[in-house]
Amino acid sequence: SAMEETDREAVATAVQRVAGMLQRPDQLDKVEQYRRREARKKASVEARLKVQSWLNQCLWCSVIVLLFFFFFEYLKIISLKSFKNNSYSHSGAFFLVLLLSFPEIVRETHDLIERGELLQAHRKLMDLECSRDNLMYEQYRMDSKNTHDMNLIHTYFGDMQKLSEELAKQLWMVVQRSLVTVRRDPTLLVSVVRIIEREEKIDRRMLDRKKQTGFIPPGRPKKWKEKMFNILDRTVSTRIEGTQADTRESDKMWLVRHLEIIRKYVLDDLLVAKTLLEQCFPPHYDIFNRLLNMYHQALATRMQELAAEDLEANEIVSLLTWVLNTYTSAEMMGNSELSPEVDVNSLDALISQNVVDQLLSKYMSTLTSNIIGWLRKALETDKKDWIKETEPEADQDGYYQTTLPAIVFQMFEQNLQVAAQINEDLKTKVLILCLQQMNSFLTRYKDEAQLYKEDHLKNRQYPQCYVQYMIAVINNCQTFKESIISLKRKYLKSDMEDTLSISHANMDATLDIIAKEGCSSLLDEVFMDLEPHLNELMTKKWLMGSNAVGTICVTVEDYFNDFAKIKKPYKKTMTLEAHRRVVVEYIRAIMLKRISFKNAEERKEGAERMIKEAEQFRFLFKKLAAGSGEDTEGLCDIIEAIAEVIKLTDPSLLYLEVSTLVSKYPDIRDDHIAALLTVRGDASRDMKQTIIETLDQGPSQPNPNYVPIFKEITVPTLTVPKLLK
Numbered sequence: 001s002a003m004e005e006t007d008r009e010a011v012a013t014a015v016q017r018v019a020g021m022l023q024r025p026d027q028l029d030k031v032e033q034y035r036r037r038e039a040r041k042k043a044s045v046e047a048r049l050k051v052q053s054w055l056n057q058c059l060w061c062s063v064i065v066l067l068f069f070f071f072f073e074y075l076k077i078i079s080l081k082s083f084k085n086n087s088y089s090h091s092g093a094f095f096l097v098l099l100l101s102f103p104e105i106v107r108e109t110h111d112l113i114e115r116g117e118l119l120q121a122h123r124k125l126m127d128l129e130c131s132r133d134n135l136m137y138e139q140y141r142m143d144s145k146n147t148h149d150m151n152l153i154h155t156y157f158g159d160m161q162k163l164s165e166e167l168a169k170q171l172w173m174v175v176q177r178s179l180v181t182v183r184r185d186p187t188l189l190v191s192v193v194r195i196i197e198r199e200e201k202i203d204r205r206m207l208d209r210k211k212q213t214g215f216i217p218p219g220r221p222k223k224w225k226e227k228m229f230n231i232l233d234r235t236v237s238t239r240i241e242g243t244q245a246d247t248r249e250s251d252k253m254w255l256v257r258h259l260e261i262i263r264k265y266v267l268d269d270l271l272v273a274k275t276l277l278e279q280c281f282p283p284h285y286d287i288f289n290r291l292l293n294m295y296h297q298a299l300a301t302r303m304q305e306l307a308a309e310d311l312e313a314n315e316i317v318s319l320l321t322w323v324l325n326t327y328t329s330a331e332m333m334g335n336s337e338l339s340p341e342v343d344v345n346s347l348d349a350l351i352s353q354n355v356v357d358q359l360l361s362k363y364m365s366t367l368t369s370n371i372i373g374w375l376r377k378a379l380e381t382d383k384k385d386w387i388k389e390t391e392p393e394a395d396q397d398g399y400y401q402t403t404l405p406a407i408v409f410q411m412f413e414q415n416l417q418v419a420a421q422i423n424e425d426l427k428t429k430v431l432i433l434c435l436q437q438m439n440s441f442l443t444r445y446k447d448e449a450q451l452y453k454e455d456h457l458k459n460r461q462y463p464q465c466y467v468q469y470m471i472a473v474i475n476n477c478q479t480f481k482e483s484i485i486s487l488k489r490k491y492l493k494s495d496m497e498d499t500l501s502i503s504h505a506n507m508d509a510t511l512d513i514i515a516k517e518g519c520s521s522l523l524d525e526v527f528m529d530l531e532p533h534l535n536e537l538m539t540k541k542w543l544m545g546s547n548a549v550g551t552i553c554v555t556v557e558d559y560f561n562d563f564a565k566i567k568k569p570y571k572k573t574m575t576l577e578a579h580r581r582v583v584v585e586y587i588r589a590i591m592l593k594r595i596s597f598k599n600a601e602e603r604k605e606g607a608e609r610m611i612k613e614a615e616q617f618r619f620l621f622k623k624l625a626a627g628s629g630e631d632t633e634g635l636c637d638i639i640e641a642i643a644e645v646i647k648l649t650d651p652s653l654l655y656l657e658v659s660t661l662v663s664k665y666p667d668i669r670d671d672h673i674a675a676l677l678t679v680r681g682d683a684s685r686d687m688k689q690t691i692i693e694t695l696d697q698g699p700s701q702p703n704p705n706y707v708p709i710f711k712e713i714t715v716p717t718l719t720v721p722k723l724l725k
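The numbering of the sequence shown is our numbering, which starts it at 1 and goes up by one.
The set of hints was computed from the structure by calculation and includes no laboratory data.
A hint or two may mislead.
[Claimed, not checked] List time: in silico DSS-like cross-link candidates among lysine-lysine, alpha-carbon distance up to 30 Å:
| no. | residue 1 | residue 2 |
| --- | --- | --- |
| 1 | 490 | 568 |
| 2 | 458 | 388 |
| 3 | 210 | 223 |
| 4 | 540 | 711 |
| 5 | 377 | 429 |
[As the list claims (entries may be wrong)] Quick list of the computed label-pair ranges, beta carbon to beta carbon:
| no. | residue 1 | residue 2 | range |
| --- | --- | --- | --- |
| 6 | 397 | 490 | 19 to 27 Å |
| 7 | 238 | 432 | 27 to 35 Å |
| 8 | 505 | 689 | 46 to 54 Å |
| 9 | 705 | 460 | 34 to 42 Å |
| 10 | 485 | 393 | 20 to 28 Å |
| 11 | 364 | 462 | 42 to 50 Å |
| 12 | 366 | 555 | 52 to 60 Å |
| 13 | 454 | 634 | 41 to 49 Å |
| 14 | 451 | 335 | 54 to 62 Å |
| 15 | 490 | 464 | 37 to 45 Å |
| 16 | 689 | 622 | 15 to 23 Å |
Every residue gets a Cβ at the ideal spot worked out from N, C-alpha and C, and that includes glycine.
Generate the whole structure from the sequences, applying the supplied hints.
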């Protein structure tokens, strides 16, 4: 402004006048005289000013007088002796020269800053500041209340403040880029640190003087060291914030990418800081540890921001894996080149345990609903396969199967591997979750298999590959069982075994039910086809020589060609069950009393046919059970034992024969014996009564392996119509 310009001119004029008075050392003796003269002039100027009203003039004169007045005061402090000895080098003369050439020095300093010669620029700035500060200090000592004069000095040196700011700006630019500069031009960084150190020293001196005198120049303390650390801190924060290049919308892997860039940047920066930066700073700056702390804080802030976002399940895993594992791993803070300065064990957590727990619980609830959805979808897809017109796939051993177990367990595996990246505890929780969901899923699987069977029974032509897909469902049960075991073996610590034993037992039980119901529905298929042939047994037609049993054997064998695709444990059960059911149906046909033999000849013929057919069954099931090592001969023995009762020619031995039968098969009831005697056709009612009553007291010696078979067989209570006889 015009005012400031006037002030400066006044000061410059005053300086010239003072310089004119002090050309020779002997003039120093007259300093007191000059001072008094100027004081008188000042008084007369002030008197004139009362009349004059021009502010500019007033200011101008005041500055001149002030500077003269001050300068004489200032000279008092300077050793007169040194002047008389012509040794004015750094005292008054220097001060004068400085005052006179102030605008020139400001320009030079500005040019030095522009050219990047920061040390020299700072040297000049220090000289200017020193002069101003001493000037102000003297004014303060003479008249501390006189703010007007103080402001005049401040105004005159106004450009100097701008220089200081200009220089600081250059320093902060170097500091901001220190990790780059240290590689390209370490000398520049060292210069900046030296300037900051000089300023710190001046700050300390000024603060000491303030304690003693109460005076401190404007702009002090500058606290450039503190500012430098603040700038480094901001630079670190910006560096970390600036690494997020993508959003979820633009890239599903945005977080993984963001975290990887952070990891790389932080590791690179810290390695540079440790190997190069430390050499550019005095040890008391503790620059590496300060930077390490800044990076840690900036990372903690960033991780907390990320944790507060609405993260998806896989993003929560990425974040927690990074925070809990990557951060302290050899890929980052645990890098061998950073030790021993960086000790991963003493690093604070980037996010609090509370936030970790919140994220984990959010992860678990998201995962739970995801797994439920995935399992539901997997089952729906599998059900679509069941109605296909092509057979299911077979595994390498030729057993039918569907992809359901593989899909389910692949999904479980993926989620367990992900959880294992975070920690053991989460892995166990996820395993428990998977198995819990598996438990409910298997119940749905069981219901769906049941519905499949019911739909098929409404129309047995549909679905075309019902038998094959039911076999696949049965085999899947075995695969599920094996997969559960291997999943537990792989992901569960042995000491946790007990916590899952109940749910494991439940799943095994459900799988056994599905397989058992599946097998039994397949056998139902067989016996629905056998029904017309079973109805022919023990009829006149049968006695005349029908081929019902031959057809039965061929049909069973035909079905068992398909059943060969059932996995071993279930196939073995199927073969046993089929054998048992054929025998039960055969005995049931006897107990239906569809025939009553007229004479010994018919009895012999019927009994021999029964024995022959038992032999056919025995041969068939031996063939079907080949390799399973099952002894099922005993079942056909029952048919033969019954045939013996029918074949008997001496009625007096009938009681003995029947009692032998009952002792072998103690579950035979009275109505079974009555029916048997009716079929035999030669026992009177009294005879039946006697035999039955006597039998009740007899001992029994059943075979220990005998599985009761008669209890399943009911005997019709209606009397057999005469027509059948």
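Hint check results:
1. Restraint check for residue 490 and residue 568: satisfied, since their Cα atoms lie roughly 25 Å apart, inside the 30 Å limit.
2. The straight-line distance between the Cα atoms of residue 458 and residue 388 is roughly 18 Å, inside the 30 Å bound, and the hint therefore holds.
3. At most 30 Å may separate the alpha-carbon atoms for a hinted pair to count; residue 210 and residue 223 meet this at roughly 16 Å.
4. For the hint pairing residue 540 with residue 711, the CA-to-CA distance comes to about 27 Å; that is within 30 Å, so the pair holds.
5. Distance hint between residue 377 and residue 429 is fulfilled; the C-alpha atoms sit about 23 Å from each other, no more than 30 Å.
6. At about 23 Å, the beta-carbon gap between residue 397 and residue 490 stays in the expected band of 19 to 27 Å.
7. Taken as a hint, the range 27 to 35 Å is violated for the pair residue 238 and residue 432, whose Cβ atoms sit roughly 44 Å apart.
8. Range check, residue 505 to residue 689: about 51 Å between beta-carbon atoms, so the 46 to 54 Å window is met.
9. As the Cβ distance of residue 705 to residue 460 is approximately 36 Å, the hint placing it in 34 to 42 Å holds.
10. In this structure, residue 485 and residue 393 meet the distance hint of 20 to 28 Å, their C-beta atoms being roughly 23 Å apart.
11. Judged by the Cβ atoms, the range 42 to 50 Å given for residue 364 and residue 462 holds: they are separated by roughly 43 Å.
12. Taken as a hint, the range 52 to 60 Å holds for the pair residue 366 and residue 555, whose Cβ atoms sit roughly 54 Å apart.
13. Distance hint check for residue 454 and residue 634: the Cβ-Cβ separation is about 35 Å, which falls outside the suggested range of 41 to 49 Å.
14. Checked against the given bound of 54 to 62 Å, the beta carbons of residue 451 and residue 335, roughly 59 Å apart, stay inside it.
15. Distance hint for residue 490 and residue 464: a CB-CB separation of about 39 Å, consistent with the stated range 37 to 45 Å.
16. Between residue 689 and residue 622 the CB atoms are about 41 Å apart, so this pair departs from the stated range of 15 to 23 Å.
Hint compliance for this structure: hints 7, 13, 16 are not met, and every other hint is.
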